[in-house]
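I would like the entire structure built from these sequences, with the hints used as guidance.
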Amino acid sequence: MTAPAIELKSINKRFGPVWANRDIDLKVMPGTVHGIVGENGAGKSTLMSILYGFYTADTGQILVNGQHINIQNSQQAIAAGIGMVHQHFMLVEPFTVLENVMLGMEGQGLLARAQSKARKALNEIASRYGLDIDPDAIVGDLPVGLQQRVEILKALYRGAKILILDEPTSVLTPQETGQLFNILESLRSQGVTVLLITHKLREIMAITNHVSVMRAGKMVAHRDTDRTNPEELAELMVGRKVLLKVDKRPACPGENRMTVNKVGYVDDRGVKRLKDISFSLRSGEILGVAGVTGNGQSELMKILTGALQPSTGSVSLETGAGVHVLKVGEWPDAGQMRDYGMGHVPEDRLQQGVVKSFDASENAILGYHNKEEYGSPLLKPENIVNATLELMEAYDVRPQLPSLKTANFSGGNQQKLVLAREMMKEPDILIIGQPTRGVDIGAIEFIHRNLIAARDKGAAVLLVSVELDEILSLADRIIVMNDGAITGEVVASETNETELGVLMTSTADADAPVFEDKGHSGKYEKKEEAAA
Amino acid sequence: MRTAFKLAAGIAMSAIAAVSQAQIKPSVIYDMGGKFDRSFNQASYTGAEAFKKETGISYTDFEITNEGQREQVMLRFAQRGFSPIVVAGFQQAPIVEKIAKQFPDTHFVMVDAVVDLPNVRSVIFKEHEGSFLVGALATMKSQNKAVGFIGGMDIPLIRKFGCGYEQGAKYINKDATVLANMTGTTPSAWNDPTKGSELAKAQFDKGVDVIYAAAGGTGVGVYQAAVDAGNLAIGVDSNQNYLHPGKMLTSMVKRVDLVTKTAFEDELNGKFTAGLQVVGLQEGGVDWALDEYNRDLLTEADIKRMGEIREGIIAGDIKVHNWEDTQSCTY
Amino acid sequence: MSQLAAVESPRWVRIGLIPLLQLVLALAVSSLVVLMIGEDPIRAFKIMIHGAISTEFGGLSNTLYYATNFIFTGLAVAVAFHAGLFNIGGEGQAYVAGLAVALVCLTLDSTLNVWFIAPLVVIGCAAFGALWGVIPGYLQAKRGSHIVVTTIMFNFIATALMSYALVVWISPLGGNSTDSRYWASDAVIPKVHELAPSLGFEASFSLLSPVLLVALACCALVWILIWRTRLGFAIRTVGSNPNAATYAGINANRVIIITMAISGALAGMMAFNEAYAAQGRLILNFTSGFGFMGIAVALMGRNHPFGIVLAALLFGALYQGGTELQFEIPSISPQMVLVIQGLVVFFTGALDRLIREPVEAVFQRRAIANANAAVAGGN
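Protein chains in written order, with the numbering used here: chain A, 1 to 532; chain B, 1001 to 1331; chain C, 2001 to 2379.
Think of the hints as simulated: they come from the structure by calculation, not from any bench.
A few of these clues could be false.
Derived SDA-like pairs: lysine to any residue, alpha-carbon spacing no greater than 20 Å straight-line [as the list claims (entries may be wrong)]:
{"no.": "1", "chain 1": "B", "residue 1": "Lys1195", "chain 2": "C", "residue 2": "Ala2160"}
{"no.": "2", "chain 1": "B", "residue 1": "Lys1098", "chain 2": "C", "residue 2": "Asp2186"}
{"no.": "3", "chain 1": "A", "residue 1": "Lys405", "chain 2": "C", "residue 2": "Leu2221"}
{"no.": "4", "chain 1": "A", "residue 1": "Lys405", "chain 2": "C", "residue 2": "Pro2010"}
{"no.": "5", "chain 1": "B", "residue 1": "Lys1098", "chain 2": "C", "residue 2": "Pro2172"}
{"no.": "6", "chain 1": "B", "residue 1": "Lys1053", "chain 2": "C", "residue 2": "Pro2330"}
{"no.": "7", "chain 1": "A", "residue 1": "Lys425", "chain 2": "A", "residue 2": "Tyr368"}
{"no.": "8", "chain 1": "B", "residue 1": "Lys1098", "chain 2": "C", "residue 2": "Arg2181"}
{"no.": "9", "chain 1": "A", "residue 1": "Lys405", "chain 2": "C", "residue 2": "Arg2014"}
{"no.": "10", "chain 1": "C", "residue 1": "Lys2046", "chain 2": "B", "residue 2": "Gly1275"}
{"no.": "11", "chain 1": "A", "residue 1": "Lys27", "chain 2": "A", "residue 2": "Lys248"}
{"no.": "12", "chain 1": "C", "residue 1": "Lys2142", "chain 2": "C", "residue 2": "Pro2010"}
{"no.": "13", "chain 1": "B", "residue 1": "Lys1195", "chain 2": "C", "residue 2": "Thr2159"}
{"no.": "14", "chain 1": "A", "residue 1": "Lys117", "chain 2": "A", "residue 2": "Asp134"}
{"no.": "15", "chain 1": "A", "residue 1": "Lys356", "chain 2": "C", "residue 2": "Pro2330"}
{"no.": "16", "chain 1": "A", "residue 1": "Lys371", "chain 2": "C", "residue 2": "Leu2225"}
{"no.": "17", "chain 1": "A", "residue 1": "Lys405", "chain 2": "C", "residue 2": "Val2013"}
{"no.": "18", "chain 1": "A", "residue 1": "Lys371", "chain 2": "C", "residue 2": "Arg2228"}
{"no.": "19", "chain 1": "A", "residue 1": "Lys248", "chain 2": "A", "residue 2": "Arg282"}
{"no.": "20", "chain 1": "A", "residue 1": "Lys457", "chain 2": "A", "residue 2": "Ala321"}
{"no.": "21", "chain 1": "A", "residue 1": "Lys241", "chain 2": "A", "residue 2": "Gly442"}
{"no.": "22", "chain 1": "A", "residue 1": "Lys380", "chain 2": "C", "residue 2": "Leu2225"}
{"no.": "23", "chain 1": "A", "residue 1": "Lys405", "chain 2": "C", "residue 2": "Ala2160"}
{"no.": "24", "chain 1": "A", "residue 1": "Lys405", "chain 2": "C", "residue 2": "Ala2361"}
{"no.": "25", "chain 1": "B", "residue 1": "Lys1035", "chain 2": "C", "residue 2": "Thr2159"}
{"no.": "26", "chain 1": "A", "residue 1": "Lys380", "chain 2": "C", "residue 2": "Leu2221"}
{"no.": "27", "chain 1": "A", "residue 1": "Lys405", "chain 2": "C", "residue 2": "Gly2084"}
{"no.": "28", "chain 1": "A", "residue 1": "Lys380", "chain 2": "C", "residue 2": "Arg2228"}
{"no.": "29", "chain 1": "A", "residue 1": "Lys405", "chain 2": "C", "residue 2": "Pro2172"}
{"no.": "30", "chain 1": "A", "residue 1": "Lys356", "chain 2": "C", "residue 2": "Arg2228"}
{"no.": "31", "chain 1": "C", "residue 1": "Lys2142", "chain 2": "A", "residue 2": "Gln309"}
{"no.": "32", "chain 1": "A", "residue 1": "Lys27", "chain 2": "A", "residue 2": "His222"}
{"no.": "33", "chain 1": "B", "residue 1": "Lys1141", "chain 2": "B", "residue 2": "Gly1275"}
{"no.": "34", "chain 1": "C", "residue 1": "Lys2046", "chain 2": "C", "residue 2": "Leu2020"}
{"no.": "35", "chain 1": "A", "residue 1": "Lys371", "chain 2": "C", "residue 2": "Arg2230"}
{"no.": "36", "chain 1": "A", "residue 1": "Lys371", "chain 2": "A", "residue 2": "Gln309"}
{"no.": "37", "chain 1": "B", "residue 1": "Lys1098", "chain 2": "B", "residue 2": "Glu1292"}
{"no.": "38", "chain 1": "A", "residue 1": "Lys218", "chain 2": "A", "residue 2": "Glu232"}
{"no.": "39", "chain 1": "B", "residue 1": "Lys1098", "chain 2": "B", "residue 2": "Arg1076"}
Set out below in structure tokens:
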């Protein structure tokens, strides 16, 4: 039997008193795709960082192809044939593909010779693995999927036989994901070993041969992919049974709550971020907004919640607080929006939703701090703490310590605190962005249940998410955005990922969706900008 | 009243002096700027050191660094029985006034300001006389018959310097050009060598080839600019000839050192007197500096001429107008 | 990882032990400096401490007098800091407030007594200081001019303005003096040593006046402002996370402007102590760098009013002890005293993390070990 491509024996890594990795054993056979799954903070990233030389293990052994090696830094990892594609790309955007690939391996003196050598090698690698790319394209102009391809080429050019991919699909459209998996297939067939780190169980099932599950710094299980299923993996990750499917009844939409009428937004640099967005939202329904990150969803959310002034268009709100028509120039701020009966769970809770250095109780009143119930004229800490305890109780925020600094709560608990704050007031309209980003599977289940419950109580919910699974399972209707425009609206129960994927890459003004081999992203639509 | 006090003090002091001369506890309080400011604080220090060397009697001193210290320090000096307390700098005058009232048996010497109390000796200088002298020398040595003056902060005292200088320059040649600039209207003008250098260069461009700075630390920039341009500079307060040997024409010296030393000696000999002392050329309070650093710049005739002018001022044949008398330089 | 973050070292370690260690380290390095000039550091520190806390010649009360100034300027820096603003214009704000003192006193000190003048001076100082703070605040909020740059520039403008005002308007005509006359004595708050006999005790001369009580009251008010009012909540939100402020419907620009006004007003209160009560006249450069010292005080006091009081006392003691040191050991020059003060600022401010992180790590580790033991015991 051949030696494993990678074998880890009893890897231990402590940060102060905390065990990030404890007694990790792992065997990855050559020429396979091996998945590693686990919740946030389970120790996946630490383990991969040890393998790639960013950290050194306290104890334990690393064997590559049966040989003991000592990896102190990433150069040694590369020398051992290990390459890594990070979640956030390490590319120089104004450089060409070729320049990026040879970066750090230019040799000495004049570039020209090294360049022609690199070009030859790059072409050879590209054709062997089916990684078509124009070596002279400027990386910054490429769509995200192709940029990722450059990262893979970089690793292969450095002689990687073992490739680590960290959450590679988090920035990709479904089509691009499909293409990535094709590439991984081809790499596998050429004998490259792939370590795939992800939290998406569907991807594990689709591409890997083997899967290892981590929980709380420990390796809890190894499975052959064809002998397991998502339910089992989820249970292994969380440590208890998890309901992956959202259990919901059909929606019974009521009266109109919000009508968005031709809202447009031009940013400081004159770029059109939103183009004539129109839709309506009714009570008792969840309207999903799908799209690749950066196609106007953030701006739309900010406008609808009062954090940003639109350039054109209007919105009318019909809530328990009366009818309000919002016009450009007299746009309300976030505080007024709340008075109009709106709750808002922001896309990025650390950026917007909470102040990390505040006590949990202070974040529990953020945005509602002007309400008399928290004391008048001075704030009454006991009122705030009591209100916080109520939120924590209802949304199972742990630990139940209102005086604990918010930064010390896990991501999931922070998110639950924000959700509790926004949803406990039972607003007529709920604008929710990425409700489960960075949230553990156990908490996801809880959050989804609460969203459905809010809908059933009559809230009008606008759900913005880049997780298609989430949109498909929660939303009743779905609008798809690309390049600042709505490219289509579908009924959730009658659509699928493929159709959404097509809409996510098509342009709004073409009647028929454009099918193209290469993934479209916002950056390719510049011609249309010029025309407009 | 004052005489009575003087009498009493005199008797008391001589009685003590007879027993033990070493019991006097002289002291100096320097103003902000510190004791090594190459100006009048340093002059007080030099005088005190000279006294110490001659008599073997040590003294105590203190450098003020913030406003909060002034009153506290002077009070502590008085409480501890220091006398005389030599205080340099007009900023200290209000404090001297306060403390001297509380300690009528302690002697104070107020340099550069007037405090009218029976136990305070106020010493002010006839800077216009000294400035007249160096102004005369400046015109004598100027090729272009154009001389310059750089003042520090624009206050009456500095105008007094400038006015005396102008009179001296015109005394030698009434067609001589005298350019004058003040560095600024704020105290930072005392310590802005960069601006001093710029102003000097501007004057050189207009033909000035001898320049006099009465500007504290700003003067350093003026002298350097003069050296760089091959022109002559005139120092102030202390003898600054040594700063650029052969390039400093002379210095207008204010003998704060003598004032300090004399005050200490008077105390020691039981001869301390209060009241206003206005010291000029005659009293040796101001003078021009001649030493080995500028000797080669001058001819015997120059030195003789300077001697004549000096005598003329002392004798009253040459009248030097004091700016402060009329608040203007009309003479 | 989350476990590590979840445990904080005890409060007494953060605000007590660590600053103390920093101070000891600063004094240790200072000792080397004192040794280098051939003096006995132990004796030097004894003199400093004695000079700062002795009551026989007004040492303690002068320490408190300096501390009064530092509390005001420290609070000014701290309030702005809570809104994420680095107000280094305390010096200029206090200086300009001195003009208000002169305006009130020169016009009214012959007609009104202290009970009427003092409140007017307080209002004037706060208003002038606030004005000098609010302009940079406005420029930051509406024009995006960086507050650090504008407040520095406003210090220079204040210096020029005040020199002009003193020389041209305020100082008695014809003199070389750049100071105002003394305010009428019954228009000025009496100093503690003047009040002492009527209160039944004796006190040596010092510049300490009951303004210290005003400073302490300001500490309490600032604490209430920051932690008990909606404005304080908004200030802290803007300071910690401007995006969250927008999200919460807080008008960050408005908060910035208001905060700078409050900060400037607090800095201006220093003029109330210095130009009105302590000196009893307006003196050129009366601020003596106390405004800048407020930065160090706020830094060391960790922007908390209670910490600021402690830090102000420490710096007050350093100033007063430094004066005494200069007095007793003539070979120790004012520059040397400045070095010692600088070292304290250096170790408590600039090198904060050098000591803070390792010490906190020790206590975190202990706390986690205890927690683990408790869990194990519970099971």
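These are the hints, each one checked on the structure:
1. Lys1195(B) / Ala2160(C): 16 Å, holds
2. Lys1098(B) / Asp2186(C): 16 Å, holds
3. Lys405(A) / Leu2221(C): 24 Å, violated
4. Lys405(A) / Pro2010(C): Judged against 20 Å, a Cα distance of about 14 Å means the pair holds.
5. Lys1098(B) / Pro2172(C): 18 Å, holds
6. Lys1053(B) / Pro2330(C): Cα-Cα ~17 Å, so holds.
7. Lys425(A) / Tyr368(A): Satisfied, since the Cα-Cα distance of roughly 10 Å is no more than 20 Å.
8. Lys1098(B) / Arg2181(C): With Cα atoms ~13 Å apart, lysine 1098(B) and arginine 2181(C) stay inside 20 Å; holds.
9. Lys405(A) / Arg2014(C): Roughly 15 Å separates the two Cα atoms, so the pair holds.
10. Lys2046(C) / Gly1275(B): 41 Å, violated
11. Lys27(A) / Lys248(A): With a Cα-Cα distance of about 41 Å, the restraint between lysine 27(A) and lysine 248(A) is violated, given a limit of 20 Å.
12. Lys2142(C) / Pro2010(C): Distance of about 41 Å is beyond 20 Å: violated.
13. Lys1195(B) / Thr2159(C): With a Cα-Cα distance of about 17 Å, the restraint between lysine 1195(B) and threonine 2159(C) holds, given a limit of 20 Å.
14. Lys117(A) / Asp134(A): 16 Å, holds
15. Lys356(A) / Pro2330(C): 52 Å, violated
16. Lys371(A) / Leu2225(C): It holds: about 17 Å lies between the C-alpha atoms, which stays within 20 Å.
17. Lys405(A) / Val2013(C): 17 Å, holds
18. Lys371(A) / Arg2228(C): Given that 20 Å is the threshold and the Cα spacing comes to 14 Å, the pair holds.
19. Lys248(A) / Arg282(A): 18 Å, holds
20. Lys457(A) / Ala321(A): 17 Å, holds
21. Lys241(A) / Gly442(A): 9 Å, holds
22. Lys380(A) / Leu2225(C): Distance of about 13 Å is within 20 Å: holds.
23. Lys405(A) / Ala2160(C): It is violated: about 46 Å lies between the C-alpha atoms, which goes past 20 Å.
24. Lys405(A) / Ala2361(C): Given that 20 Å is the threshold and the Cα spacing comes to 17 Å, the pair holds.
25. Lys1035(B) / Thr2159(C): Measuring from Cα to Cα gives roughly 25 Å; hence the hint is violated.
26. Lys380(A) / Leu2221(C): 16 Å, holds
27. Lys405(A) / Gly2084(C): 19 Å, holds
28. Lys380(A) / Arg2228(C): Satisfied, since the Cα-Cα distance of roughly 7 Å is no more than 20 Å.
29. Lys405(A) / Pro2172(C): 58 Å, violated
30. Lys356(A) / Arg2228(C): 19 Å, holds
31. Lys2142(C) / Gln309(A): 17 Å, holds
32. Lys27(A) / His222(A): Satisfied, since the Cα-Cα distance of roughly 9 Å is no more than 20 Å.
33. Lys1141(B) / Gly1275(B): 40 Å, violated
34. Lys2046(C) / Leu2020(C): 17 Å, holds
35. Lys371(A) / Arg2230(C): Holds. Lysine 371(A) to arginine 2230(C) sits at ~10 Å (cutoff 20 Å).
36. Lys371(A) / Gln309(A): 25 Å, violated
37. Lys1098(B) / Glu1292(B): Violated, at roughly 44 Å.
38. Lys218(A) / Glu232(A): Satisfied, since the Cα-Cα distance of roughly 17 Å is no more than 20 Å.
39. Lys1098(B) / Arg1076(B): 13 Å, holds
Of the hints listed earlier, those the structure fails to meet are numbers 3, 10, 11, 12, 15, 23, 25, 29, 33, 36, 37, in rising order.
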